[in-house]
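There are 2 protein chains.
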Amino acid sequence: MTELTMTLSAVEDLCLKTLVAAGASMDNARSVARSTMLAERDGIRSHGLLYVPIYADHLRCGKVDGKAVPAVNRPRPGAVTVDAATGFAHPAIDQGWPVLIDAARTNGIAAMTVFNSYNCGVLGHHAERIAEAGLLGLCTTHAPASIAPPNGRSPVIGTNPFALGVPDGAGGAAIILDQSASVIAKSEILLRSREGRQIEPGWAINPQGKPTLDAAEALKGSMLPAGGHKGFGAGLLVEILASCLSGAVLSKDASPFSGTAGGPPKTGQCFIAFDPAAFSSGFSQQIETLVAAIAEQEGARLPGTGRRHARAITEIEGIRVDGALIGRIEAFIR
Amino acid sequence: MTELTMTLSAVEDLCLKTLVAAGASMDNARSVARSTMLAERDGIRSHGLLYVPIYADHLRCGKVDGKAVPAVNRPRPGAVTVDAATGFAHPAIDQGWPVLIDAARTNGIAAMTVFNSYNCGVLGHHAERIAEAGLLGLCTTHAPASIAPPNGRSPVIGTNPFALGVPDGAGGAAIILDQSASVIAKSEILLRSREGRQIEPGWAINPQGKPTLDAAEALKGSMLPAGGHKGFGAGLLVEILASCLSGAVLSKDASPFSGTAGGPPKTGQCFIAFDPAAFSSGFSQQIETLVAAIAEQEGARLPGTGRRHARAITEIEGIRVDGALIGRIEAFIR
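These protein sequence lines are chains A and B, in that order.
Take the first sequence: its position 229, counted from the start at 1, is 245 in this note's numbering, and no numbers get skipped.
Take the second sequence: its position 216, counted from the start at 1, is 232 in this note's numbering, and no numbers get skipped.
Hints were generated in silico from the structure; no laboratory data involved.
A portion of the hints provided could be inaccurate.
No copy labels: a pair is met if it fits in one copy or bridges any two.
DMTMM-like cross-link-like pairs, simulated, lysine to aspartate or glutamate; straight-line CA separation at most 20 Å [to be verified]: (1) K282 - E312; (2) K268 - E312; (3) K236 - E314; (4) K33 - D73; (5) K268 - E211; (6) K83 - D73; (7) K236 - E204; (8) K83 - D29; (9) K226 - E314; (10) K236 - E346; (11) K33 - D43; (12) K282 - D269.
Turn these sequences into a full structure, and let the hints guide you.
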């Protein structure tokens with residue numbers, strides 16, 4: 017394996033060119049390229065350059081409409097809806113963004129739902145963006161079903177993450193929480209299946225609802241939620257906000273985010289923004305005290321510390337990336 | 017042990033008289049008595065009559081001000097704040113309730129925070145009440161700290177539950193989710209400590225941060241979150257909404273809900289209400305499909321099924337209750 021070093025701006029540029037070559041409009045490609053760069057910056061490789069060939073394939077097969085023009089509505093003062101028109105999630109989110117931020121500041125709280133959408137990349141980055149506007153952000157996105165209800169066997173919800181972005185009162189984020197409902201990322205089970213390795217106990221069940229260590233069986237069965245029924249509950253909350261409230265299709269009916277079959281997944285997102293100043297004058301002080309109470313404990317880490325650490329390095333040194341992956345991406349441009 | 021049978025209205029009446037005798041105003045007592053009856057109705061005994069002697073003790077020692085007059089404000093169209101004035105949470109919530117519901121309908125979404133507050137009883141009942149107004153409710157309340165951050169040893173957050181109330185489109189609730197951040201209820205560890213029994217592996221750590229099966233050590237140490245760092249994350253989300261956003265004291269600084277020491281806990285709550293009709297016309301249909309996809313799986317149960325079952329029985333048969341407990345409660349009236 018040949019490893020290359022790339023700057024973050026080279027990552028963004030490569031992604032932009034690839035998506036445009038595969039059929040995306042410049043505006044749409046720009047939103048997705050930025051998200052890809054942010055994922056690489058924070059060391060979240062599953063949503064970085066690894067995803068670019070998938071984006072390009074999905075543009076070509078029509079699973080995502082690269083020329084989609086999102087439609088933003090504001091049916092009530094605090095309610096913003098965006099029809100992603102089976103395009104990428106990112107440009108739809110970008111289109112509604114200033115409306116959401118304005119609505120939250122004016123009303124104290126606002127929510128933006130997105131439907132007819134697609135994978136939105138790293139959810140925590142959207143939460144962080146809300147925090148950078150000085151607002152508290154609670155974000156949810158759902159995904160094709162992979163988790164069965166407790167004691168059941170058929171997946172009903174996806175890995176359905178939620179993310180919280182907490183402003184630090186100085187234009188940045190004091191806390192970024194970003195967690196899925198499952199014990200382990202689906203990408204880890206996919207990887208083990210490809211490598212023919214077993215998975216760990218407690219990760220998944222087979223299609224008959226029994227525990228399994230066989231990665232291929234796990235992919236046909238169901239992933240297990242973190243914390244049993246409580247993890248399922250957290251995923252159900254996300255399902256109801258990101259799918260039911262937004263008017264997206266349910267996770268159980270969504271086409272997979274991987275592979276070219278099934279047409280557009282038509283999934284959804286929900287972003288809630290609170291203006292802390294509308295509720296309390298002491299918010300930033302309390303957040304600072306809370307953060308210190310966690311950070312000062314030996315061994316304990318604030319959520320998001322790993323990403324911050326990766327960011328500090330990649331912003332200076334760039335990223336190291338597999339040359340073969342870059343070759344596969346560049347093939348879409350030639 | 018002598019067991020008595022009581023109707024639900026007798027439960028409510030006994031609680032009302034006891035709280036008034038212990039110093040609560042009639043208005044304040046009425047809100048708490050109703051909450052107590054609802055807990056017994058749904059079989060949640062820890063928040064039912066068992067709590068009435070504690071309420072009465074707390075009224076007498078000044079941990080809760082029975083004559084408090086809550087103050088409701090609406091600083092922005094979608095933001096409602098209530099100062100519970102170190103009284104019970106319930107009358108503060110009741111006072112702000114119509115403002116929250118009106119704000120949610122007008123704006124599409126609204127949030128009500130409560131501070132200088134106290135234990136709010138069964139959180140799911142507040143979520144259900146939002147659902148009965150045809151709105152989607154996401155409710156949080158925090159509690160004196162009992163859970164340390166992952167790899168830490170000092171509790172920073174409480175059992176911090178969240179509850180979701182999902183309207184069924186016909187004046188009721190299709191789903192009520194109500195779950196704390198801990199593996200097990202603190203009341204279970206307290207019970208085992210009193211009985212000198214061991215706790216189960218994975219429930220708690222001792223003050224040195226090591227796993228323990230000793231209930232008394234666990235109470236001095238920290239409870240473990242459900243799903244490890246993801247359970248802590250869910251509890252942190254609740255902390256930030258119910259404590260930091262509301263302007264209540266942090267869980268780590270709150271006086272205990274049990275015992276008479278420490279003065280008012282000054283904890284808080286946050287209730288978010290969404291009008292689904294503002295976002296999507298298909299909400300009820302999707303909820304119905306989602307509920308069916310869970311309920312139709314053999315062995316799988318929708319969250320809240322146990323409470324519904326208890327309710328169906330107690331509404332007809334009343335409750336069975338320990339005569340000695342009733343004696344202890346009636347002693348406050350005589």
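Hints and how they fare:
Taking CA atoms no more than 20 Å apart as the test, K282 paired with E312 passes in neither setting, with 44 Å inside one copy and 25 Å between copies. Only between protomers do K268 and E312 lie at most 20 Å apart by alpha-carbon distance; the minimum there is 14 Å, versus 43 Å within a single protomer. With identical chains, the CA atoms of K236 and E314 are at most 20 Å apart between copies only, with a shortest distance of 18 Å across copies and 41 Å within one. For the homomeric pair K33 and D73, the shortest alpha-carbon distance inside one copy (14 Å) is at most 20 Å, but the shortest distance between copies (70 Å) is not.
For the homomeric pair K268 and E211, neither the shortest alpha-carbon distance inside one copy (27 Å) nor that between copies (46 Å) is at most 20 Å. Taking the shortest alpha-carbon separations for K83 and D73, only the intra-copy value of 15 Å comes in at or below 20 Å, while the best inter-copy value is 67 Å. Within a single copy, K236 and E204 get their C-alpha atoms as close as 15 Å, which meets the 20 Å cut-off; across copies the closest is 38 Å, which misses it. For the homomeric pair K83 and D29, the shortest alpha-carbon distance inside one copy (19 Å) is at most 20 Å, but the shortest distance between copies (65 Å) is not.
In this assembly of identical chains, K226 and E314 lie within 20 Å of each other by CA distance solely across copies; the values are 14 Å between and 39 Å within a copy. Taking the shortest alpha-carbon separations for K236 and E346, neither the intra-copy value of 33 Å nor the inter-copy value of 59 Å comes in at or below 20 Å. Taking CA atoms no more than 20 Å apart as the test, K33 paired with D43 passes inside one copy only; the shortest distance there is 12 Å, against 67 Å between copies. Proximity of K282 to D269 under the C-alpha cut-off of 20 Å is restricted to the intra-copy arrangement: shortest distance 9 Å within a copy versus 45 Å between copies.
This entry does not satisfy hints 1, 5, 10, going by the numbered hints stated previously.
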